[in-house]
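Chemist: Spelled out from the first residue to the last, the chains are:
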Amino acid sequence: MRLKRLFPAALVAALTVLLVFLTLPIAAIFLDVGPAQLIDALGAPGAVDALRLSLLTTSIALVVIVIVGTPAAYLLATRRFRGRSLAITLIELPLVLPPAVAGIGLLAAIGTGGILGPAIASTGIELVFETAGVVIALTFVASPFYVRQALAAFEAVDSALLDASRTLGAGEARTFARIAIPNATAGLASGFALAWGRALGEFGATLVFAGSFRGITQTTPLAIVALVGSDFPGALALSAVLVLVSLALLISVKLISGSLLGPARIPTW
Amino acid sequence: MNRGWLTVLIAVSVTGCGGRASTGADSAPARSELKVSAAASLTDAFTAYGEQFDPAEAAFSFGASDELAAQIRAGALPDVYAAANTTLPDELAEEGLLGEPTVFATNALVIAVPEGSELESVEDLEQPGLAIVIGSETVPVGVYTRLALERLPDEGETILANVRSEEPDVKGVLGKLTQGAADAGFVYDSDVIATRGQLRAIELPSKLQPDVAYGIAVVEGTEFPEQGQEFIDGLLEGPGAEALAEAGFGPPPSE
Chain A
1 MRLKRLFPAA LVAALTVLLV FLTLPIAAIF LDVGPAQLID ALGAPGAVDA
51 LRLSLLTTSI ALVVIVIVGT PAAYLLATRR FRGRSLAITL IELPLVLPPA
101 VAGIGLLAAI GTGGILGPAI ASTGIELVFE TAGVVIALTF VASPFYVRQA
151 LAAFEAVDSA LLDASRTLGA GEARTFARIA IPNATAGLAS GFALAWGRAL
201 GEFGATLVFA GSFRGITQTT PLAIVALVGS DFPGALALSA VLVLVSLALL
251 ISVKLISGSL LGPARIPTW
Chain B
1001 MNRGWLTVLI AVSVTGCGGR ASTGADSAPA RSELKVSAAA SLTDAFTAYG
1051 EQFDPAEAAF SFGASDELAA QIRAGALPDV YAAANTTLPD ELAEEGLLGE
1101 PTVFATNALV IAVPEGSELE SVEDLEQPGL AIVIGSETVP VGVYTRLALE
1151 RLPDEGETIL ANVRSEEPDV KGVLGKLTQG AADAGFVYDS DVIATRGQLR
1201 AIELPSKLQP DVAYGIAVVE GTEFPEQGQE FIDGLLEGPG AEALAEAGFG
1251 PPPSE
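Protein sequence lines, in the order shown, are assigned to chains A and B. Going by my numbering, the first sequence opens with residue 1, and the numbers climb by one from there. Going by my numbering, the second sequence opens with residue 1001, and the numbers climb by one from there.
Next comes chain B alone, as it looks inside the complex (with noise of 0.2 angstroms):
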């Protein structure tokens, strides 16, 4: 019970205004002060590599990929931005707003369920009368969960008649799911590995699994473009790949 009230309570401050995080390691006290804004599916990954990444001090600012894009575009400047897809961060560097966008993980769309459920499958969703819930249709999460239920014979339809809330980010999905509220969501493997057993993970047939990217870029403007790439290369090779890979992501495609 008491972790899924700390979920739920870091689900609503990162929906709410955005989770801050930084680093523990404060000896140096004219640091300078990396900020990175950050898919909400990343908390966990980047909050760990924050801790170990020595350039600067890593500050994170949590949410809705579509919300920090629109931060940008409306003239915010953090340092280093990083979406759970790649359209967002080639659609900023087109506008001019990022430098060349790198893809530095995957992950996979499944269906979460409370541990103990008794759904097995994509099937099982289609049972009337289920609790759904997915991402909005402006969240990169809830675009992945269209495009999968596309591919079912009927479209979906089905499955989205269940759908009883389409949160602005993952984390509202995962707080309806440990809260015990929805009975299935659709998010990402890796959050369902953060919540340590509360949650099950139910794979997608391949045939219906999206291409999950994720893109990062330094912002354009920023006052520490050496000590953002830096915090990039290292999600590509070192303390962030490794992070990334504990918390569940996969390596970025191969070329």
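Only chain A is shown next, with the shape it has when bound in the complex (with noise of 0.2 angstroms):
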């Protein structure tokens, strides 16, 4: 009897101790600035432009990673082959690589000395200290939080419905683009704006493959560490817009995909 009523009590207790921790932060840079420095703050050296860049860069990055990441995922999701697993693996490794290591990785890859650094440059395209190196570092470290999301999203549409239209004669384009993106939208608008956030808030691999430079390379997360030195009410007042542009992200993609509300049909938040 008494754990009938203890397990409800420790499953409160936990989720509450979790939205302390997780919300506690957040809200310590709001209560540590007034909406006054908060404007202020976008008069702060090189803030607009970061903000600027910022936007620019990860939305460039979504589309490469939407374009790409769909047809992946929906192959991945509906065929079984071998080496399947293998594949799913190599796209999460990014998950749980420190984005430092990205940028290495990035840089020994397609960097100025990289293995692919000379066949780059001949085509005189640059990367490294361009705008350019950062949506490339952005792509790789916030693909997999949408492609993952576009798996299982793609998974949970009921094969029969694609049977169906196959069945009808459909062909496979088709049955994509009109059965399994409208039935997978909540999954993927979840796995957007995740990947969305994670590109917002880069720092690592930006820092490493792209450098740092004002209007450039130097993203909101990047201007926020220039400033902690030297000025940390501005430091923070910055944070404070980063999260707030980050939410307003979230909570549109919420609105757009129709889930805030009611149960998901993808559990996916």
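Calculated from the structure, these hints are not laboratory results. For clarity, every value in this text was computed on a predicted model and none was experimentally measured. C-beta: ideal position from N, C-alpha, C; glycine also. You can take every hint at face value.
Non-contacting residues of chain B with respect to chain A, defined by C-beta distances greater than 12 angstroms in every case (computed):
no.	residue
1	Glu1094
2	Glu1100
3	Glu1120
4	Thr1158
5	Ile1193
6	Asp1211
Some chain B residues flagged as far from chain A (calculated, every beta-carbon gap over 10 angstroms):
no.	residue
7	Pro1055
8	Leu1077
9	Leu1152
10	Asp1154
11	Ala1213
12	Gly1248
13	Pro1252
Incomplete in silico selection of chain B near chain A, CB under 10 angstroms:
no.	residue
14	Ala1064
15	Ser1065
16	Leu1068
17	Ala1069
18	Gln1071
19	Ser1136
20	Glu1137
21	Arg1164
Two chains, each in its own frame: build the complex with the hints.
Modeler: In structure tokens:
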């Protein structure tokens, strides 16, 4: 009898601890920063440049991730083939990689002195110290977040639906576009939001691979770290702005996918 | 190539979360741990000194001097703080966060280029299209770099136009150079020595050379003020001073 009452209490306690632990640092940022300071922070050197660059680079990265990641995830979700688990593991690998290691790997692969460095340089494309390099770093660290969710979302689509579509002569491409994607929207959107959030917060891979220069490679997290030493309140305020932007993104994606209320089709939030 | 990797790895671990090195002598479990927050450029010298430091187990957190100072201002409590300048320790002491700072070493700002580079002088850095990496304006090495460049006839504008990245600490600058991503960078002489031949130092003309001095102090409120002071004393005379000299640092200016 006692266990019966203790267990739900333990669940509630666990959730409470988790919520307090996760929200306290974020709440502290806002408790330390007044609305006036928040606006002042946008006047800090490089703040607006950093925010603009963050929005630009994360948007491009997300477009790339969706265009390549969606069909790749669909293939993994709907076909069983040799090496499938290996492919999934490899895609998930960047999730457990320290971002700085990702940066080193990118340098060694496609940096100026990397394996493919000379080949890339001969095409006239520059990545290190360039905005394009930031996009590459963001795409590398954020894509697993999207592909994983997309994979789960496609797997959850009733295969009878897909089979019916094919039986009725819709063809693979049409089935993918008309049946699979609409039925996986909630999961795709949640993966999209997670990947975007991860890209917005990216620090280590960007710094190591692309460097830090105002307006070109200094994204918001890099600008915040640059401010910590000289202007702690400024760093706090810029952090608050980043939190607000991320929150706005998360909420709008949730609203658009219609999963803010009611049970989500894919329980991945 | 392997050394290059190692340097980048070290650079990254330092930038990321502050490298933590402790001494190997663990025979006496009751030894107290002396936490030392130190400028990234002191990594090699302090790690070597820490192994010989007897009064306590020295545990280091290496990073950008300004970020380490910000941590102390935000309430972090290391036992000793060492910066790549004297202004940060002086400021913290005035705020009542540090004891009386001591100047314990000097260094020289140099231009570092990859071995085999054809660059030979400051003027060579003015060629358009070069990729130059410097420290950000909040970290001491970045401040010294700007001080030096401002003394050029054009106040360094031509060279600053070639700057492609402003790194949060000196190890970040070194990483970009050893990896071959940048053509030249401004670092300390001791940093170039630590790369053991991968990078070559180009001395600055004396009229450009800023005074690079390192300040250290015991943090107010530490549990181990005596061991902290012993750590500082050893840097002025004894194993610490030797480790600094070996790493390429100069002695503190005589009064």
